[in-house]
Amino acid sequence: MGFLDRERTIAPAGFNRWLVPPAALAVHLCIGQAYATSVYKTALVKHFGASLTEIGLIFSIAIVMLGLSAAIMGTWVDRNGPRKAMFTSAMFWTGGFLIGSLGIFTHQLWLVYLGYGVVGGIGLGIGYISPVSTLIKWFPDRPGLATGMAIMGFGGGALIASPVSTALLKAYDPNSGAQGWVASGDAVGKLFLTLAVAYLVYMLFGAFTIKVPADGWRPAGFDPATVKAAKLVTTENVSARNAVKTPQFWLVWVALFCNVTAGIGILEQAAPMIQDFFRTSDGASAVSAAVAAGFVGLLSIGNMAGRFAWSATSDITGRKRIYMLYLGVGAVLYTVLALAGSSTTILYVALAFLIISFYGGGFATVPAYLRDLFGTFQVGAIHGRLLTAWSAAGVAGPLIVNAFLDAQGKPGQLTAASYQPALLTMVALLVVGFVANLLVKPVSARFHEPRPDRERPHEPAMEA
Amino acid sequence: MSTNPANHSTPVNTAAGKLAVGWALVGVPLAYGVYETLTRVAALFG
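Chains A and B supply the protein sequences, listed in that same order. Quick note on numbering: the numbering used here labels position 431 of the first sequence as 431, and the sequence is numbered without any gaps. Quick note on numbering: the numbering used here labels position 2 of the second sequence as 466, and the sequence is numbered without any gaps.
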């Protein structure tokens with residue numbers, strides 16, 4: 001399939017680089033569906049007669065596979081270019097839905113694990129990193145803005161998939177008007193088939209419109225010397241194999257891990273948490289389920305907006321400073337939330353909104369941070385390896401929160417005070433992340449790739 | 465792309481058309497998703 005090769009995607013002279021972000025967004029909006037699985041979670045519990053944990057495992061497998069496939073396939077993505085990567089991602093992601101629907105129609109949960117979890121998860125990982133290095137190359141003057149636009153799509157994908165899935169489930173289930181209705185397995189299976197077709201069309205649109213810049217291309221009026229003026233920004237290149245040997249990679253890994261863990265702590269518990277924070281003297285919550293759902297919606301907007309706004313801002317402030325904001329101010333906001341969040345709902349909502357915007361911002365800014373530290377050579381592969389921090393945080397975040405809450409009491413009886421140990425643990429984590437980010441310095445020259453005009457300054461660090 | 469100034473209008477228009485279509489294809493669903501979410505958020509301030 002030569003038409004997918006990198007060489008066939010090189011942009012002609014005069015190509016408008018603003019055509020690239022929609023191609024990247026087309027992929028990220030589709031794979032962002034991963035955050036909308038709660039729409040049919042109860043339906044699957046009923047259909048399979050399984051526990052919430054067993055159904056939740058589908059999503060957990062997908063996120064673990066995202067991290068693993070991004071880490072393992074990152075170099076392949078960089079070598080083969082975005083079109084082949086996006087095409088491959090589309091095949092895996094939509095293939096996952098098809099296998100998953102087969103599992104639902106035939107009542108075999110393991111097929112859903114294999115389909116949506118494993119196969120779909122591989123599509124998630126490849127799709128997530130596929131446009132990143134291309135965007136950075138097209139926007140050397142605004143890498144934070146460019147990656148922010150794409151990664152915002154991952155947050156936005158759930159906002160689209162959630163109402164569309166609800167409408168489709170109602171359309172596919174003849175009993176949808178019944179009181180206390182839960183969608184049938186048949187309706188969820190049909191939903192999976194529909195999403196597979198729609199996502200295939202969109203992702204192929206992205207794959208066939210994306211282009212890479214020709215070697216040596218620069219935006220009009222762009223002077224690379226202005227980028228180098230920042231202390232942490234390199235014009236050198238570091239391979240993915242060498243990047244993981246540097247302290248900088250692991251310091252950024254820790255910073256991302258801490259930021260994501262703290263954000264997940266709120267996201268996972270968003271709806272019950274706001275209800276628990278505002279209980280009246282008789283133990284009932286002053287916050288209704290509808291208001292709690294509105295709060296979850298607001299957090300989704302904050303997550304998406306933060307990805308774009310903070311990442312774009314990082315082009316002006318620098319990546320290290322914006323991470324100091326995410327982690328440092330995040331720790332302060334978390335502390336206020338833990339100690340005074342229950343005083344008024346406005347304060348609580350505002351704090352949670354800002355914290356979640358920092359969570360999203362951390363995801364969107366990190367590719368540009370890696371570009372600054374390691375250059376553009378294998379930034380996609382390095383980003384892929386870094387996303388293992390997300391997988392680890394996906395396990396650690398809920399584990400920390402649930403362990404503390406389990407020790408405090410039963411769901412429905414918790415209060416604002418019950419959350420303090422978990423929230424203050426998150427504050428400690430954010431402080432650790434803040435220190436890790438503070439320690440980030442420019443990468444040693446011994447890790448730089450050799451250039452034709454000069455030899456490597458020290459002993460070669462490359463293994464192969 | 466042609467270097468003939470007489471032909472410049474065609475590629476520019478094509479690029480503008482592609483830009484509009486490309487951004488609409490992703491922008492419209494995203495705007496729909498944000499709108500639907502904001503209607504839920506309204507309950508928070510209602």
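Hints are computed from structural coordinates only; laboratory data are not their basis. Virtual Cβ for every residue (Gly too), placed ideally from N, Cα, C. Errors might be hidden in some of the hints.
[Unchecked claim] A few chain A residues facing chain B, derived, Cβ under 8 Å:
#, residue
1, N16
2, L25
3, A290
4, F295
5, M324
6, G328
[What the hints assert, rightly or not] Cβ-Cβ distance ranges computed for the label pairs, FRET-style:
#, chain 1, residue 1, chain 2, residue 2, range
7, B, K482, A, L347, 38 to 48 Å
8, A, G14, B, W487, 32 to 42 Å
9, A, A403, B, K482, 48 to 58 Å
So, going through the hints one by one against the coordinates:
The beta carbon of N16(A) comes within 5 Å of a beta carbon in chain B, closer than 8 Å, and the hint placing it at the interface holds. Annotation: L25(A) was flagged as interfacial toward chain B, and the flag holds, the nearest CB pair being 4 Å apart, inside 8 Å. Taking 8 Å as the C-beta cut-off, the interface hint given for A290(A) holds, the closest approach to chain B being about 5 Å. Evaluation of the F295(A) hint against chain B yields a held restraint, the C-beta minimum of about 6 Å falling below 8 Å.
Hint status for M324(A) relative to chain B: violated, with the closest Cβ pair at about 29 Å, above 8 Å. Look at G328(A): its Cβ only gets to about 28 Å from chain B, farther than 8 Å, so that hint breaks. Range check, K482(B) to L347(A): Cβ separation about 46 Å, and the 38 to 48 Å hint holds. Checking the proposed 32 to 42 Å range against G14(A) and W487(B) shows it is violated: the Cβ atoms sit about 19 Å from each other.
Our hint of 48 to 58 Å for A403(A) and K482(B) holds, since their Cβ atoms are close to 52 Å apart.
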